[in-house]
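**Q** Please arrange chain C on chain V, whose structure you already have, making use of the hints.
The listed protein sequences correspond, in order, to chains V and C.
Take 1 as the starting number for the first sequence in the working numbering and just add one per residue.
Take 1001 as the starting number for the second sequence in the working numbering and just add one per residue.
Warning: the hint list may mix true and false statements.
Listed next, the in silico BS3-like pairs over lysine-lysine satisfying Cα-Cα at most 25 Å (straight line) [unchecked claim]:
id : chain 1 : residue 1 : chain 2 : residue 2
1  : V       : Lys-336   : C       : Lys-1438
2  : V       : Lys-106   : C       : Lys-1367
3  : C       : Lys-1163  : V       : Lys-335
4  : V       : Lys-335   : C       : Lys-1439
5  : C       : Lys-1459  : V       : Lys-335
6  : C       : Lys-1363  : V       : Lys-335
7  : C       : Lys-1459  : V       : Lys-283
8  : V       : Lys-336   : C       : Lys-1367
9  : C       : Lys-1438  : C       : Lys-1397
10 : V       : Lys-335   : C       : Lys-1438
11 : V       : Lys-335   : V       : Lys-297
12 : C       : Lys-1163  : C       : Lys-1278
Over 10 Å on every C-beta distance to chain V, these chain C residues come out as not near it, computed from the model [to be verified]:
id : residue
13 : Pro-1019
14 : Leu-1042
15 : Glu-1109
16 : Ile-1184
17 : Lys-1207
18 : His-1247
19 : Ser-1284
20 : Ile-1314
21 : Ile-1319
22 : Gly-1408
23 : Glu-1410
24 : Leu-1412
25 : Val-1425
26 : Ser-1432
27 : Trp-1454
28 : Phe-1458
These aren't lab readings, by the way, just hints derived from the structure by calculation.
Every residue gets a Cβ at the ideal spot worked out from N, C-alpha and C, and that includes glycine.
Spelled out, the chains give:
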Amino acid sequence: MNVGLILRSSVLLLSILLTAVSCKEDEKPEFDRAGMLANMADNLIIPDYTSLNSSLNLFYTKASEFTANPDLTTLAALRSQYVLTNNYYQKCSMYNFGPAMEQGIKAAFNTFPTDTAQIEVNVASGIYNLFSVVNADAIGFPAIDYLLYFGSDAEIIADFSTNPNAGLRKLYLTDLVSKMKNEFLPVLNQWNDSYRSTFILANGNDVASSCSYLLNEFVKDVELTKNARYGIPSGQQTGGATLPAYVEAYYSGLSNDFAFANLTALKNCFNGGSGLGFDDYIKDVEDEDVTESLADKINSQFDVCINQINNLADPLSNTIETDVQSVSTLYLELKKLIVYLKTDMTSMLGILITYQDNDGD
Amino acid sequence: MTVINYIKSTFFNWHKLVPASTLALYRILFGGLMFFSTSRFLFNGWVHDFYIQPQFHFTYLGFDWIPYPTPLTLYVIFAGMLISCLGIMLGLFYRLSAITFFILFTYVELLDKTTYLNHYYFVSLVAFILIFLPANHYFSLDTKFGFTKESDKIPNWSIAILKFQMGVVYVFAGIAKLEADWLIDAQPLKYWLHTAHHWTFFGELLKQDWVAYFFSWFGCVYDLLIVFFLLNSRTRNIAYLFVVVFHFTTWMLFPIGVFPWVMMVGTTIFLSVSFHEKVISFLSFGKNKNFESSISNTNFARKKVINYLFAVYIFIQIIVPFRYLLYPGNLFWTEQGFRFSWRVMLMEKTGYAEFYIHDPVNKTEWKINNRNHLTSTQEKMMSTQPDMILQYAHHLKNTYSDTTIRFGSEELNFKNPEVHAEIYVTLNGRPSQLYVHKKHNLAAIENNLSNRYWLEDFKE
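Isolated chain V, as found in the complex (with noise of 0.2 Å):
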């Protein structure tokens, strides 16, 4: 057989086959990676950010406010507006990829439990460095949200004014606040300046690509919501033994609240906000005669768990010891929901997580 010739034919073959398939109408949806993380920077990522850049400065002013003059009206406010800042960080934390993570944020943000006593030291002594490991448990909302809540209206604002501890207490609620808000800010200016080109240009599916950051973070945001916040206070992780006072926001008694932000934009983020998102990667991989589509499962999912976090009973830390199989159930909706994301999805859309050379096996 004459190799010219067959060489010849193949290219024939393959060039009519190529011009077949570009004819063709495409039945599937249009999608594109590129597009996907295009969409996911500029309509959600650095949107979100910028919210929560202007809330943390907002933040700032008010806990100085409340420092000036500590009274029922500046508390009032400066809880407020703690709440509508730790609401903005939930509807981004899932981006802890790139700057976000290189700062830390996650960590120096919403670590908890907070270490009371760890705080309390702090105050007493008015010397800490918050970037030390010491004090990783006393920095952030968590530190906050005790510093604000733990006791009565009267005597917060007490411990703020006539305590004798008072000065280094405010000392100590605007260092964390200020730490915070130029911790942020780098952050949102790298995505404003070249990270977000970074972001886009890496859209391969392999280890260093924008896509698995992006879905890996996701994932480990939502096990965030089943272990942390739901799981290890109602006692998953000790055979049965609760620690109600394991749970986020615990002397706000906004848990439930702020799980309820997290949740409804992590599946915000899944279906890429009204654009490209990982449902529409879904479908466009997914066979067309699928029964039902992973992507509907997990939205489907997403809703009974968002929908039980509403229905739970406030404060959770109280729902825990007086009704702690509604929390258990809650658990077992977010297992499955951590099921469809860490198996079905992962492996569907080839997201690797590792270097190694695979061969299947």
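**A** Below, chain C alone, put in the same frame as chain V:
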């Protein structure tokens, strides 16, 4: 000529003398490729990631006694591998180099199942075979320095056994593809091709279902038949072109490392003598050797012994991939007899595993954080492979026997803990299903060759 006659003329004239250039070139290419592969492994920091970083190692059945090397020893071993690869490539202190490389390479592979790859198994086998082959009798430094007597002829069995080994890999890989998932659903290729990350130009093409079916069917036919086309002298060159195109394509599309190069190098054994002589001539800058005297048969004697040894080897190579037939259940699900059977690129299997230790006497329970014990790669591999699940469970039992865990206000005592796991797995695009039920005490289940009854039934 029929296939039978080809096989006869290639294999059954076991001891006839053939030109040595084929084997010499194979030796050079294999040594060179292994030098590159070992360097790549080192350069990527994988010695650390896979052999130093993990605290726990998934040893192979029957090989727990192997001592685990210190980090320094590991790097010395890898240096030794590099040197022995050079020795093989140059044909210097060849037999010592071949033995060293085989031992070091196989030793490293035996340290942890996590890094098992079919082509590493192949490398071990070829390294083993090379020890016994007279590969340094031609175009080598051993002959140049006079350590070995030169010969431009070698017995046919030294080439035939390498061809056989290659044939085993391809044919069994092809047989392994005679599977419903592969042929009827075009999985796992369908999803893999769809999300293949290079090639914006071919991206749309790779998303089409028919492409996945084409790749699947062509892959199967290719694996089954390519060796026979390579054996036939008329189709050999075209066949090798197919080999190069096929493996190059897989290299572009999938993250499979040096596997394509291993195959491309391995199949050179089938090419014509004139090809090998041309390459060697090129490598020796035109100083082609036309050495007339050849070592007589008596030096490659011990005929009967060689026959028996290779018969045993050939028998083992053919039998081992079929051992899965001894077990009930779906092979991809239970993985009984999956390794060492040339099942390449056949599975997309992902799992999610939660482990618990439970003390029935103290009535305490604790959910394990796998990352405290395993690297992310180990966790990924463990969650879909039953033997690794059991090994991990036993390790947890050992770790947590007679311990107290303090968490918050809780103090949990564990004297003789059981180990339970709830594991979900998705296989080749199916919806995830339960793999291991929480009711089993995995610590009490022995990790041996008996049937894995404790896995949940597979829903097709």
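**Q** Output the indices of the hints that this structure fails to meet, ascending.
**A** The structure breaks hints 3, 17, 22, 23, 24, 25 and 26; every other hint is satisfied.
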